[in-house]
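J.: Listed below are the residues making up each chain.
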Amino acid sequence: MAAPQAKASARLDALQTGPGFGAARADALARLRAMGLPDRRDEYWRYTDPATLNVQAAPAAPVFDASDEAPLFDALDRVKLVFVDGVFDPAASDDPALAGVEILRLADAPDISWANGLYGTLETAGQTPVARPFAALNTAAATDGILIRATARAAKPVHLIYIHESETSDPILHHLVKVEPGAELTLLETGPAGARFNKVLEVDVATGGRFHHVQVQGRDHQRRAVTHLFTRVAEEALFKSFTLTANGVLTRNECVIDIAGDDAVAHVAGAALGDGATGAFHHDDTVFITHGAERGESRQVFKKVLKHGAVGTFQGKILVKPGAQKTDGYQISQSLLLDDDSQFLAKPELEIYADDVKCSHGSTTGALDETALFYLRSRGVPQEEAVALLVLSFLADAIAEIEDEDIQAEIVARLEAWLSRHRG
Amino acid sequence: MLEIKNLHVKLEDEDKQILKGVNLTVEPGKVHAIMGPNGSGKSTLSYVLSGRDGYEVTEGSATLEGADLLEMEPEERAAAGLFLAFQYPVEIPGVGNMTFLRTAVNAQRKARGQDELSAGEFLKVVREKAKTLKIDAEMLKRPVNVGFSGGEKKRNEILQMAMLEPKMCILDETDSGLDVDAMKLVADGVNALRDAGRSFLVITHYQRLLDHIKPDVVHIMADGRIIRTGGPELALEVEQNGYADILAEAQ
Numbered sequence: 001m002a003a004p005q006a007k008a009s010a011r012l013d014a015l016q017t018g019p020g021f022g023a024a025r026a027d028a029l030a031r032l033r034a035m036g037l038p039d040r041r042d043e044y045w046r047y048t049d050p051a052t053l054n055v056q057a058a059p060a061a062p063v064f065d066a067s068d069e070a071p072l073f074d075a076l077d078r079v080k081l082v083f084v085d086g087v088f089d090p091a092a093s094d095d096p097a098l099a100g101v102e103i104l105r106l107a108d109a110p111d112i113s114w115a116n117g118l119y120g121t122l123e124t125a126g127q128t129p130v131a132r133p134f135a136a137l138n139t140a141a142a143t144d145g146i147l148i149r150a151t152a153r154a155a156k157p158v159h160l161i162y163i164h165e166s167e168t169s170d171p172i173l174h175h176l177v178k179v180e181p182g183a184e185l186t187l188l189e190t191g192p193a194g195a196r197f198n199k200v201l202e203v204d205v206a207t208g209g210r211f212h213h214v215q216v217q218g219r220d221h222q223r224r225a226v227t228h229l230f231t232r233v234a235e236e237a238l239f240k241s242f243t244l245t246a247n248g249v250l251t252r253n254e255c256v257i258d259i260a261g262d263d264a265v266a267h268v269a270g271a272a273l274g275d276g277a278t279g280a281f282h283h284d285d286t287v288f289i290t291h292g293a294e295r296g297e298s299r300q301v302f303k304k305v306l307k308h309g310a311v312g313t314f315q316g317k318i319l320v321k322p323g324a325q326k327t328d329g330y331q332i333s334q335s336l337l338l339d340d341d342s343q344f345l346a347k348p349e350l351e352i353y354a355d356d357v358k359c360s361h362g363s364t365t366g367a368l369d370e371t372a373l374f375y376l377r378s379r380g381v382p383q384e385e386a387v388a389l390l391v392l393s394f395l396a397d398a399i400a401e402i403e404d405e406d407i408q409a410e411i412v413a414r415l416e417a418w419l420s421r422h423r424g
Numbered sequence: 001m002l003e004i005k006n007l008h009v010k011l012e013d014e015d016k017q018i019l020k021g022v023n024l025t026v027e028p029g030k031v032h033a034i035m036g037p038n039g040s041g042k043s044t045l046s047y048v049l050s051g052r053d054g055y056e057v058t059e060g061s062a063t064l065e066g067a068d069l070l071e072m073e074p075e076e077r078a079a080a081g082l083f084l085a086f087q088y089p090v091e092i093p094g095v096g097n098m099t100f101l102r103t104a105v106n107a108q109r110k111a112r113g114q115d116e117l118s119a120g121e122f123l124k125v126v127r128e129k130a131k132t133l134k135i136d137a138e139m140l141k142r143p144v145n146v147g148f149s150g151g152e153k154k155r156n157e158i159l160q161m162a163m164l165e166p167k168m169c170i171l172d173e174t175d176s177g178l179d180v181d182a183m184k185l186v187a188d189g190v191n192a193l194r195d196a197g198r199s200f201l202v203i204t205h206y207q208r209l210l211d212h213i214k215p216d217v218v219h220i221m222a223d224g225r226i227i228r229t230g231g232p233e234l235a236l237e238v239e240q241n242g243y244a245d246i247l248a249e250a251q
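Residue numbers (this note's numbering), protein chains in the order written: chain A, 1 to 424; chain B, 1 to 251.
Think of the hints as simulated: they come from the structure by calculation, not from any bench. Among the clues, some could well be false.
[To be verified] With the C-beta cut set under 7 Å, the calculated list includes, among others, these residues of chain B facing chain A: (1) P74; (2) A79; (3) V90; (4) G94; (5) V95.
[What the hints assert, rightly or not] Pairs of lysine to aspartate or glutamate residues, derived as EDC-like cross-links and limited to a Cα-Cα distance of at most 20 Å, are as follows: (6) B/K141 x A/D404; (7) B/K141 x A/E384; (8) B/K141 x A/D406; (9) B/K141 x A/E403; (10) B/K141 x A/E405; (11) B/K153 x A/D369.
Idealized CB from N, CA, C, for every residue including glycine.
Extracted from the complex, chain B is given alone in its bound form:
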């Protein structure tokens, strides 16, 4: 599904190397987690994959189902099936959440050569999916993320994911700022989307999210590289001992 080879990335405006050779393959239907200390390059990886400005790829490649992601505009990556759930979802005053969702869904359908959904069809689907995420009609009407609580913003991210039905979902610290109940709600939303054709890359500081979203593979990232890969037990090891041992071992 997602294949990253020897990816080197620096900041566009300064001579600072962030990713120093990342190798990662996520198979269809699998959940991979990336853990690592602050500043290890986890969020940068998610931004580079989704096409945010400000980064320069100096070496390596990233493909989604064989297609070169790095050559595509962000909207093309989305249409190809990539989705990034933001750590800090953006507030857009004056644009209704519904309008935003419908514009996004129809833009992607158009890009894939599908017919746009009618207002009625769209409403039916969005209501159904919102209900399972406990997003009420009021939240759908409000401007995108404006006045939403931390938990509401993250649930709104998952709603977008559910509506857009991507193949490859990247969750960037989706657990940050959430209490246990909110985290569970978000995790349930993610788990409901798991299927054989959809893969996940879950970026997190903490093991606790992985109690709810069970990963198949766990990677530890430090200083722009993946320094260790293992099963779910690796996350538990980090939780108990911190990163120090793993970092020391890697050096």
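So that you can see chain A by itself, here it is in the shape it has in the complex:
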């Protein structure tokens, strides 16, 4: 273990804090140094090897040519903000003017009170009871990001586009979203971002606010990503997040949700598609939901389609604190293994300290339903098309978590395209 430890320390030793938010940066760096980077011996990293996330330089990832598909959400009216290998590209971006929404750049180190109050706050809270070193690293070292504050219902989504051009880029971005009482915002994120992407998104949804999030991680086979989404959902507020991941040698998406106000709703969903025949695939969804208020509703829907040695993992926990009565917590994690070579590892957890709650979790792994396949084929649907239909059927619950129909249609089209490229 000596070698990886040494490399891990090298990364920490070389770490420099990013612009602005001085106190939060220094605090994060101190916390990170105290906790250290993870290794396989950490229970929380048992299913995913963090070695390539720990090393100082990002392992190279060739840039994937995705020009066979039109850019996602091109048909939608939205505010585009473009990052190339983690560097904001103003020329490629729209003018960040949107009624009722304030949009700023983290790299400009704006000294504004709402951002100062939020930066690193949810990340810090999310470090208990489980340490999340890469999130602390991000808070300390993020070089850029977008700070968004919605004070009204945004007329269109904000779309962060992540372009990957350098084979060794190692971007660290930290975004803040503050949805003020009664306001509503949709945030879209698409693209690979870099060879090794570390992203933190902190989302504070105030009373009665609504936040919708849809992200699609890039198709680059060798890209790595470790992302954290921290959210605090206040009274009667709503938070919904959906992630599509197709390809990627290593992806760890952590989502930490604090149901902080009564009658709050939080849904988090993901669809991951991996085909080891076109490149190694390891996808990890790690979710921690804390119910700290009454009548909260949380829903986790994670689906993975794996073949040719692809690996999917899921760790999901619902913690219901004392007094969080009438909590309704639901968790489902499922994998569809299209052959005998692939692997799905799941660790669902419930920890409940209130006596009047409804919590359920389920995890399944299985092959395609042969009877359903025969049924479709007996109607004249060719084998490959029938498989694609059944895969979409399997993913349907997760896709249904996307509220906007146009966005949903684009996601379905992406899924269909991936399935048609990965036949057999």
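Since the structure of chain A is already known, use the hints to place chain B on it.
T.: Then chain B, alone, in the frame of chain A:
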């Protein structure tokens, strides 16, 4: 239309012979019924004809209009004009009934070298056919067979049949689980599809379905063979006396 000669079939995974020499010829425009006790091989015959995995043909042949069915994939058999109405229609969550129907219709048209139907054309046809089967718009929108009652599932099978316009229709215990009204509705749907170019093979335990779908020929199947063939009166005989006499006579 359909010609089965000396068909022998065993289970793929175990040494169990199910069909032991089935001979059957169904002429164009005719309705043949196959009756028989449980375990006689009726459903196996329907699965083998439509190409389900898990069976091994050890001897004999089955052709549809001269084409060798046993060499074809299930979707090729469908495109060639074979249709199996399932005893237990399969639920497919997350796939709309309409999407399913349209995918099936267009896949078959494509296989036959015809143009695909546009969304508008398809909708017009499906609505018309659904109406006669008392399938409402809501049922068309729902995921395939999910939450359907037994009767709705069977009506949905007949709707698929009506949309796909097969030449050779096999109905596998379509009456099972249906009350009298539902059975009549399904039978009316089938009867509406009867014409000189379309044949039916109706598999059933009971004579009652044959009150509504009048067969030209009735076969009795037992222990993997057709042991007797006759007219509609044979079904009545079974209804009155059971299979015992016929079985005894065959031995």
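J.: All hints are to be evaluated individually against the structure, with a verdict given for each.
T.: Hint check:
For the restraint placing B/P74 at the interface with chain A, the shortest Cβ-Cβ distance is roughly 4 Å, inside the 7 Å limit, so the hint holds. A least Cβ separation of about 5 Å between B/A79 and chain A falls short of the 7 Å threshold, and the interface hint therefore holds. This hint holds: B/V90 has a C-beta 4 Å from the nearest C-beta of chain A, less than the 7 Å allowed. The interface hint given for B/G94 holds, since its Cβ lies 3 Å from the closest Cβ of chain A, which is under the 7 Å cut-off.
The beta carbon of B/V95 comes within 5 Å of a beta carbon in chain A, closer than 7 Å, and the hint placing it at the interface holds. A C-alpha spacing of about 19 Å is found between B/K141 and A/D404, which places the hinted pair at or below 20 Å, so the restraint holds. For the hint linking B/K141 to A/E384, the alpha-carbon distance of about 24 Å lies beyond 20 Å, and the restraint is violated. Under the criterion of a C-alpha separation no larger than 20 Å, the hint pairing B/K141 with A/D406 is consistent with the structure, at around 19 Å.
Taking the CA atoms of B/K141 and A/E403, the gap is near 18 Å; set against the 20 Å cutoff, the hint holds. The suggested pairing of B/K141 with A/E405 holds, with an alpha-carbon distance near 16 Å, which does not exceed 20 Å. With a C-alpha separation of about 19 Å, the suggested pair B/K153 and A/D369 falls inside the 20 Å cut-off, and the hint holds.
In this structure, the one hint that does not hold is number 7.
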